[in-house]
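Just so we're aligned: the sequence shown equals residues 12 to 196 in the numbering used here.
Keep in mind the hints are simulated off the structure, nothing from the lab.
No experiment lies behind these values; they were computed from the predicted model shown.
Take the hints with a grain of salt, since some may be wrong.
Said to hold, decoys possible - Estimated spans, in silico, between C-beta atoms of each pair:
id, residue 1, residue 2, range
1, Leu-182, Arg-40, 46 to 54 Å
2, Glu-180, Lys-81, 29 to 37 Å
3, Asp-56, Gln-162, 50 to 58 Å
To be verified - No farther apart than 16 Å at their CA atoms in a straight line, the calculated lysine to aspartate or glutamate pairs in the EDC-like style are these:
id, residue 1, residue 2
4, Lys-54, Glu-32
5, Lys-189, Asp-84
6, Lys-189, Asp-97
7, Lys-57, Glu-47
Glycine residues also receive a C-beta, built at the ideal position from the N, C-alpha and C atoms.
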Amino acid sequence: MFQVLHVLMKWANDLKSGLLEPKDVVYLRECLLKRETAELPTKQDKWVSLHPTFGLVCWCDNMELWTQFKHSDNIYVLYFGELSRDEKEVLPAEISRLMKELGVPSLSEVITREAYSMVRLTVEKKLLLVNWVLPYAQRYIYKLHPDKYIQLKQSGFSNVCDLWIVVVENLFYRHTFKGCDKGIK
12 MFQVLHVLMK
22 WANDLKSGLL
32 EPKDVVYLRE
42 CLLKRETAEL
52 PTKQDKWVSL
62 HPTFGLVCWC
72 DNMELWTQFK
82 HSDNIYVLYF
92 GELSRDEKEV
102 LPAEISRLMK
112 ELGVPSLSEV
122 ITREAYSMVR
132 LTVEKKLLLV
142 NWVLPYAQRY
152 IYKLHPDKYI
162 QLKQSGFSNV
172 CDLWIVVVEN
182 LFYRHTFKGC
192 DKGIK
C-alpha cells in the first residue's frame, strides 16, 4: 500500500528540487479546495478536502496537542498512514513547506497556549512591601546597569511603579484554538 506520506514527500521533494513549480502547487491547492474532491484522509477516519465546509484541516506536528484535541468538532488532522520512528522524526522537516504552500497549517500553528491563575485577594501587606521597594529597585537598575535601564526605557517601559503585582496561588495553562474561546486545561 502506498501511503499518503510517501505521495506528500514526493511532492515536497519535487517542490524543493524545482520539478514541481509554484503554479503546479497552486493548481493542486485549487483541486484540493473543491468540495467534491475529498481526497485527504484524516485521523478521524473521514475523507476531506480543503474546502471550508469541512472545517479546519491541519497536519499533526505535536502528538501531545493531537491527543488533547482529537475529539474536537470541525478540526481534521491529516492521516499519513502508519509511520515508522524515522518517518515521524523527518515528517515536519520534509513536508512543512509543501503544507504551507497548500495552505494546510500545522496543529501547533492553530493552537495557542494561554496561562490563567487563581489570584488571592488578600495580599495588601505584600503589595505594600513591593510598592515600597520598587522605587529603590528602579534607582538600583539606573545606577548599576544604565545600559539595561536605557534598553528598558526604549522598549516602552517607563516606570517600575507601573508594574502590576499579583500573588498567584496556582498557575494553570490551557490550549485553545486561535480566535476561539474553547480550550482544554
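Discussion item. Given the hinted pair Lys-54 and Glu-32, is their Cα-Cα distance within 16 Å?
Written reply: Answer violated: Lys-54 to Glu-32 is near 29 Å, above 16 Å.
Item to complete: Take the C-beta atom of Leu-182 and the C-beta atom of Arg-40, compute their distance, and say whether it sits inside 46 to 54 Å.
Response: This hint is violated: roughly 41 Å between Cβ atoms.
Worksheet item: Is the hinted range of 29 to 37 Å satisfied by the C-beta distance from Glu-180 to Lys-81?
Response: Holds, at about 32 Å.
Practice prompt. Starting from Lys-189, check that the Cα of Asp-84 is at most 16 Å away, please.
Written response: Within the cut-off at roughly 15 Å; holds.
Discussion item. Between the beta carbons of Asp-56 and Gln-162, is the distance compatible with 50 to 58 Å?
Written reply: 53 Å Cβ-Cβ, so the 50 to 58 Å window holds.
Worksheet item: Within a Cα-Cα threshold of 16 Å, do Lys-189 and Asp-97 meet the stated pairing?
Response: Violated: Lys-189 and Asp-97 sit about 31 Å apart, past 16 Å.
Discussion item. For Lys-57 and Glu-47, compute the direct alpha-carbon distance and say whether it is at most 16 Å.
Written reply: holds (14 Å)
Violated hints, listed in ascending order, are 1, 4, 6; each of the other numbered hints is respected by the structure.
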